[in-house]
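*Asks:* Sequence:
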Amino acid sequence: MAMLTPARRRGFEILDDPSVEPRLRVRSIEDVVSSNRWLGGRRAALGELRRAVRGVSSATVLDIGTGLADIPARARELAAFDGVRVDTIGVDEAAPLLMTARQRLTHAVCANALALPFANGSVDVVICSQVLHHFDEQGAAALLREMHRVARRVAIVSDLRRSWIAAGGFWALSFPLGFHRITRHDGVVSVLRGFTTAELRELIVAATGCEPVVRDRLGFRLTAHWTPRAA
Numbered sequence: 000m001a002m003l004t005p006a007r008r009r010g011f012e013i014l015d016d017p018s019v020e021p022r023l024r025v026r027s028i029e030d031v032v033s034s035n036r037w038l039g040g041r042r043a044a045l046g047e048l049r050r051a052v053r054g055v056s057s058a059t060v061l062d063i064g065t066g067l068a069d070i071p072a073r074a075r076e077l078a079a080f081d082g083v084r085v086d087t088i089g090v091d092e093a094a095p096l097l098m099t100a101r102q103r104l105t106h107a108v109c110a111n112a113l114a115l116p117f118a119n120g121s122v123d124v125v126i127c128s129q130v131l132h133h134f135d136e137q138g139a140a141a142l143l144r145e146m147h148r149v150a151r152r153v154a155i156v157s158d159l160r161r162s163w164i165a166a167g168g169f170w171a172l173s174f175p176l177g178f179h180r181i182t183r184h185d186g187v188v189s190v191l192r193g194f195t196t197a198e199l200r201e202l203i204v205a206a207t208g209c210e211p212v213v214r215d216r217l218g219f220r221l222t223a224h225w226t227p228r229a230a
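For the sequence shown, numbering that gives the first Met the number 0 gives the first residue as 0, with consecutive numbering after it.
Fair warning: there could be bad hints in the mix.
[To be verified] Label-pair distances were calculated between CB atoms; the ranges are:
#, residue 1, residue 2, range
1, Val212, Gly82, 19 to 29 angstroms
2, Ala197, Ala141, 18 to 28 angstroms
3, Asp81, Leu172, 17 to 27 angstroms
4, Gly168, Thr105, 34 to 44 angstroms
5, Gly177, Ala114, 19 to 29 angstroms
6, Phe11, Arg53, 36 to 46 angstroms
7, Thr226, Leu77, 17 to 27 angstroms
8, Ala110, Leu23, 28 to 38 angstroms
9, Gly54, Asp15, 35 to 45 angstroms
10, Ala79, Arg36, 17 to 27 angstroms
11, Gly208, Asp135, 18 to 28 angstroms
12, Pro175, Glu201, 29 to 39 angstroms
Hints were generated in silico from the structure; no laboratory data involved.
Computed from a predicted model, the values in this text were never measured in an experiment.
Note that the Cβ used here is the ideal one computed from N, Cα and C, for glycine as well.
Sequences and hints are given; from them, build the entire structure.
*Replies:* Given below as structure tokens:
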């Protein structure tokens, strides 16, 4: 399996450039929504979210880097089936995305993920889905510490498991799925920025001091959750 796992690399994702035209940004993130739906990203994140709110009557969920809010919107629907009321807060730095996504959210907040405008332990569940790989090691640690600070009950990371097979598979499937060239480029770079199970665990432990539960998921996905010490 090691030969199928390339060394982690930074690369450059086009959407990391804040000067990208808003129309193209929304178009590419629409592809990400489709990718989440068909290639396992949404299933992985929702599995963790549904577990996190099970057994309570209500909960607040903060989604960092929410994009078009497909994951928190679906999480709220699934929670309602379980008799749980969920209020969703979506955070993103890209205002055009929030303008499009705000009707899917209880609250939409334009903010920097590394300086969340929330008090310590003020949100029941904090999640970042396919966001952590965008940061270098120092930035990723800062993001994890912010999640740890804000979360009252559970903090969740859902991200990509690095693999040559995943990178090649995404590239091949991006054509029949009709993805934009920006999505095609950024998707492959994202996979090569992804993590192994051990890397994700070590990163969380180093940043928060908590031992997470890390799981391999279908579609070359990883999830991790931990309970903040203050809880």
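*Asks:* If you test the structure against every hint from before, which numbers come out violated?
*Replies:* Failing hints, ascending: 3, 5 and 8.
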